[in-house]
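Participant: Fit chains B, C and D to the given chain A structure using the hints.
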Amino acid sequence: MADYTEREMMAISAGRLISNGDVLFAGTGVSMLAATVSKRIHAPKAVVFFETGGIDPSLDELPMAVSDSRVMHGTCLNSGLVESFSIVGHRRLHTIAFLGAAQIDKFGNLNSTCIGDYHHPKVRFPGSGGACDAASLASGVIIFMQLGKRRFVKKLDYLTSPGWLQGGESRKEAGYARGGPIAVVTNKGIMKFDEATKAMYLAEYYPGVPISEITGEIDFDIDVAGAKESSPPTAEELRILREQVDPQRLILG
Amino acid sequence: MADYTEREMMAISAGRLISNGDVLFAGTGVSMLAATVSKRIHAPKAVVFFETGGIDPSLDELPMAVSDSRVMHGTCLNSGLVESFSIVGHRRLHTIAFLGAAQIDKFGNLNSTCIGDYHHPKVRFPGSGGACDAASLASGVIIFMQLGKRRFVKKLDYLTSPGWLQGGESRKEAGYARGGPIAVVTNKGIMKFDEATKAMYLAEYYPGVPISEITGEIDFDIDVAGAKESSPPTAEELRILREQVDPQRLILG
Amino acid sequence: MSLTEAVQRFIKNGSQVALGGFTVSRNPMAVAYEIIRQNIKDLHIVCHSQGQSFDILVGAGCVKRVELAYGANGRFASTCVRFRKAVERGDIEVEDYSNNQMSLRFLAGSLSIPFIPSKSGFETDLLHKEGFSTEMRSHRKVARKKFAEMTDPFDSDGGKVVLLPALQPDVALVHAQYVGDDGTVRIKGLTFADIEQAKAADAVIVTCEEIVPKSFIRLDPDQNSLPPFLIDAVVRLPYGAHPTACRLFYDYDAKHLNMYRYMARDDAGFRKYLDEWVLGVANHEEYLDKIGGSGLMTIKADPVIGYRPGLDRR
Amino acid sequence: MSLTEAVQRFIKNGSQVALGGFTVSRNPMAVAYEIIRQNIKDLHIVCHSQGQSFDILVGAGCVKRVELAYGANGRFASTCVRFRKAVERGDIEVEDYSNNQMSLRFLAGSLSIPFIPSKSGFETDLLHKEGFSTEMRSHRKVARKKFAEMTDPFDSDGGKVVLLPALQPDVALVHAQYVGDDGTVRIKGLTFADIEQAKAADAVIVTCEEIVPKSFIRLDPDQNSLPPFLIDAVVRLPYGAHPTACRLFYDYDAKHLNMYRYMARDDAGFRKYLDEWVLGVANHEEYLDKIGGSGLMTIKADPVIGYRPGLDRR
Numbered sequence: 001m002a003d004y005t006e007r008e009m010m011a012i013s014a015g016r017l018i019s020n021g022d023v024l025f026a027g028t029g030v031s032m033l034a035a036t037v038s039k040r041i042h043a044p045k046a047v048v049f050f051e052t053g054g055i056d057p058s059l060d061e062l063p064m065a066v067s068d069s070r071v072m073h074g075t076c077l078n079s080g081l082v083e084s085f086s087i088v089g090h091r092r093l094h095t096i097a098f099l100g101a102a103q104i105d106k107f108g109n110l111n112s113t114c115i116g117d118y119h120h121p122k123v124r125f126p127g128s129g130g131a132c133d134a135a136s137l138a139s140g141v142i143i144f145m146q147l148g149k150r151r152f153v154k155k156l157d158y159l160t161s162p163g164w165l166q167g168g169e170s171r172k173e174a175g176y177a178r179g180g181p182i183a184v185v186t187n188k189g190i191m192k193f194d195e196a197t198k199a200m201y202l203a204e205y206y207p208g209v210p211i212s213e214i215t216g217e218i219d220f221d222i223d224v225a226g227a228k229e230s231s232p233p234t235a236e237e238l239r240i241l242r243e244q245v246d247p248q249r250l251i252l253g
Numbered sequence: 001m002a003d004y005t006e007r008e009m010m011a012i013s014a015g016r017l018i019s020n021g022d023v024l025f026a027g028t029g030v031s032m033l034a035a036t037v038s039k040r041i042h043a044p045k046a047v048v049f050f051e052t053g054g055i056d057p058s059l060d061e062l063p064m065a066v067s068d069s070r071v072m073h074g075t076c077l078n079s080g081l082v083e084s085f086s087i088v089g090h091r092r093l094h095t096i097a098f099l100g101a102a103q104i105d106k107f108g109n110l111n112s113t114c115i116g117d118y119h120h121p122k123v124r125f126p127g128s129g130g131a132c133d134a135a136s137l138a139s140g141v142i143i144f145m146q147l148g149k150r151r152f153v154k155k156l157d158y159l160t161s162p163g164w165l166q167g168g169e170s171r172k173e174a175g176y177a178r179g180g181p182i183a184v185v186t187n188k189g190i191m192k193f194d195e196a197t198k199a200m201y202l203a204e205y206y207p208g209v210p211i212s213e214i215t216g217e218i219d220f221d222i223d224v225a226g227a228k229e230s231s232p233p234t235a236e237e238l239r240i241l242r243e244q245v246d247p248q249r250l251i252l253g
Numbered sequence: 001m002s003l004t005e006a007v008q009r010f011i012k013n014g015s016q017v018a019l020g021g022f023t024v025s026r027n028p029m030a031v032a033y034e035i036i037r038q039n040i041k042d043l044h045i046v047c048h049s050q051g052q053s054f055d056i057l058v059g060a061g062c063v064k065r066v067e068l069a070y071g072a073n074g075r076f077a078s079t080c081v082r083f084r085k086a087v088e089r090g091d092i093e094v095e096d097y098s099n100n101q102m103s104l105r106f107l108a109g110s111l112s113i114p115f116i117p118s119k120s121g122f123e124t125d126l127l128h129k130e131g132f133s134t135e136m137r138s139h140r141k142v143a144r145k146k147f148a149e150m151t152d153p154f155d156s157d158g159g160k161v162v163l164l165p166a167l168q169p170d171v172a173l174v175h176a177q178y179v180g181d182d183g184t185v186r187i188k189g190l191t192f193a194d195i196e197q198a199k200a201a202d203a204v205i206v207t208c209e210e211i212v213p214k215s216f217i218r219l220d221p222d223q224n225s226l227p228p229f230l231i232d233a234v235v236r237l238p239y240g241a242h243p244t245a246c247r248l249f250y251d252y253d254a255k256h257l258n259m260y261r262y263m264a265r266d267d268a269g270f271r272k273y274l275d276e277w278v279l280g281v282a283n284h285e286e287y288l289d290k291i292g293g294s295g296l297m298t299i300k301a302d303p304v305i306g307y308r309p310g311l312d313r314r
Numbered sequence: 001m002s003l004t005e006a007v008q009r010f011i012k013n014g015s016q017v018a019l020g021g022f023t024v025s026r027n028p029m030a031v032a033y034e035i036i037r038q039n040i041k042d043l044h045i046v047c048h049s050q051g052q053s054f055d056i057l058v059g060a061g062c063v064k065r066v067e068l069a070y071g072a073n074g075r076f077a078s079t080c081v082r083f084r085k086a087v088e089r090g091d092i093e094v095e096d097y098s099n100n101q102m103s104l105r106f107l108a109g110s111l112s113i114p115f116i117p118s119k120s121g122f123e124t125d126l127l128h129k130e131g132f133s134t135e136m137r138s139h140r141k142v143a144r145k146k147f148a149e150m151t152d153p154f155d156s157d158g159g160k161v162v163l164l165p166a167l168q169p170d171v172a173l174v175h176a177q178y179v180g181d182d183g184t185v186r187i188k189g190l191t192f193a194d195i196e197q198a199k200a201a202d203a204v205i206v207t208c209e210e211i212v213p214k215s216f217i218r219l220d221p222d223q224n225s226l227p228p229f230l231i232d233a234v235v236r237l238p239y240g241a242h243p244t245a246c247r248l249f250y251d252y253d254a255k256h257l258n259m260y261r262y263m264a265r266d267d268a269g270f271r272k273y274l275d276e277w278v279l280g281v282a283n284h285e286e287y288l289d290k291i292g293g294s295g296l297m298t299i300k301a302d303p304v305i306g307y308r309p310g311l312d313r314r
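Chains as they are written, first to last, in the working numbering: chain A, 1 to 253; chain B, 1 to 253; chain C, 1 to 314; chain D, 1 to 314.
Chain A extracted, bound-state conformation (with noise of 0.2 Å):
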């Protein structure tokens, strides 16, 4: 691969998605670094803000979780949780959430709670957080997620947070007024899903990887057939990544 690691490229790639105005719920890991670099690079006018209540911190330094200090700085308010998701969910704020899981399914529906039977898990996961709360009340998702066949599953072992749910109509059946999953940023390319039955399709494979290296790491049959090469990052989106987003790299490792 070129000159780039697949974190950097996973950054960029969901930086590109974001508009200028939008409001974005980070959580931690390369969440944090999308929104930061979104920030920074694509949309300056968007606003990040965390669960923990931190709204539009200065982010001088990359915060290692959601109530690091760092997201305390610089914001236009410090509130609490109880705030922060009545702005994920208003109705007059566009929002996008950053979410990553442990298992994600064809219609975008994420399990971050445990692996196995609930009551006797095999493997316990850290649990929804603010997870299925912004996947239920934000404008739009964006997931990220490593490729691997126990990760993108054809069913989840927990169903933590609400994709498009059985596809179709089925979410807004459900009772949700909005949102859903745009799209699935992973370390080999982006899917996102078909406007009618909310499938997962492959939308883009970044520069350089064939696209069975793709589908050899889902678990479920994907719509392959108007995939496109991405752009790969410009050197500008690098340096700055490099330079102000994440010297120490402490996300980008």
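In case anyone wonders, no lab produced these hints; they're calculated from the structure. What you were told as hints is all true, and nothing was included just to trick you.
PhoX-like, lysine-lysine: derived pairs with alpha carbons at most 25 Å apart:
#1 B:Lys122 / C:Lys129
#2 A:Lys172 / D:Lys160
#3 B:Lys172 / D:Lys141
#4 C:Lys160 / B:Lys172
#5 B:Lys172 / C:Lys129
#6 A:Lys122 / D:Lys129
Predicted model only: the values in this text are computed from it and were never measured.
Facilitator: Relative to chain A, chains B, C and D alone:
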């Protein structure tokens, strides 16, 4: 009468009903005086707060409304209405509310909304404000009323704030976990409520006031058998009320 | 944005308007005056305890419908004078709630939840008597029911609960002490239900005493009240809450409120007050001139204790 | 009150405890350590997103039952290490909610309303799968149902709503920056759900960085978080949230958290950590000595920006 006014006697009488440690919900007018008097004379550890959200202000000057900036100075907390009503109803606190009204019935139910039909009232009053909530949620209510047959009525034109409802167990059965009126402090004496029937009875008449002068101003039957003469205000009570609480006689008149 | 433009853009005939402040404090007076000057009609006012801004809008005939808990002005009016007349004459439609109920309704609106439970008001006429007719309840922004009662599903003893419908007004009016040049709003002193009202509304107009640099307002964000992205118009209007008080900046103008109470007693007197103080001044600057420099300084607050100590308030 | 006495008086075997803070910030660490030293068992922990204090209580065997949204520690633990082991071994009973759900449940508890509606989580396993058995649901302080669904009575389209039961824990633990000598609490930076948790609880223990004069804390009461009459114990414990962060006072101790993560991986390592850092120190002063003066100064925050700029956090 002696060398004190009815208003002075009312404020001091109400103050005497307060225990140290009580949390006092104060309104405007005489109720503001009574709360301040309680705190300054009878129960220095009592906490005065206002439905607007001002908790334990220094009250260096007497506020003329519950939204007066004087209820925001020296407080432990300046908050808002949602907060203040969560305090009125807090199970951990013994909260006493001071309320006035246009009409009262035998069971201490209050009207501060209108005279005549609700849809075409003869006289419109301000409405509940926080009175219905304080009467619903506080541990107890102390009511201030001028006597008068149009005020102490057989049937309210509108039930704004719940007292003992129809008496007996009816308040509990209606859904209230606690509370109910403790006393009615009038310009000529003090009424309380029978423990079993919850009917109003005359507990005290102010020094020198004939009982008939009180019953003559009440439009329902009231038990006066156990009524005793109140002790007059002490010189010290009057001095503090006049010199420290309302030196401008804004409410004392 | 100018005051004129803010009102023109966000307040229409029939708009549902949430008034900020509480009786004699931080009323959006300058906006209320501008609404009257622009002759906007049929407003649906939603508020908890309102005084001066509410009464003058009702008196000027701008209001058709009201949901409120309290219409009074502290010691300056035990019932709002023009509100009382309007109700007694049947000029406005009124739905009564309590302060806890109204503030919870705004809270629910601000959280985007459709209703909120309460344990206040069982067996009172606040629940038994409905001010709005069935026909009015089909109108935009009017709740289908005044309230609903239900059994608490989590209580094995079957306790009762009142459900109150959320409010999401067309526009919320806030008068704040500070707004940053980034749009961040800081209210000092009691916030009443201003924050909930603003978050619940479709649009928010903020008037303020001062616009301050972003570097100042973001130095201690713990103190701030509302984020920029919920604010639609900011207008700097010193003394914009006069004759009501604005903590740290000025006290209420007791003389003016007494004059108002006196003049508002009869229709001709109220008309005269309007002509003189609202319609007779073209804008906020002329209003300030009319109060006069010494009038403003008389009520100027001690900036530490927040009001004017020793002010003649009789 | 001493830390020992505060824990003895307010936390018993089986108590329902709300942990303040959020993952790596303002965890009530000193109280958690003291709970472990006093060997208190069978705690029912209620929290939204908890990290260090939660994990160490679970690891030390003090916890029987948990209602939570998230058990992780930012980049220091993608899942809390001992929590994960305890769940996988079946050592604790877990009920999962989301952060919005848990914070709304505390809000409802703080408002003394029995439940609160939400539009989050329809058709997810958060609603479909119950962690607690029917038998557990008859226990003190456990909600009779995980949630209830209903049709919104105010919506003519019959929209659905999830009702969440209120939480009113036995005790809430808060670590604050300042407490006045009058008992007024001031939390700086994000409050998470600490305020709602404290107001919802039967008792509140506050540990703090500094006790300051009443004259200071009441000069700007707009900034305060909790009134004195809801606070049962105040203990001054500088660095009482270490190794988590306390805005304006210190950053998280990245080295310590990395060490914990490493040692907590296996039972023997965790035991060693406990012996060395919790049971092996008699009190908070000995704990501070063990971290050492330079250790404290390394993470000391810039008092204006609130964290330690340039801290080595790898």
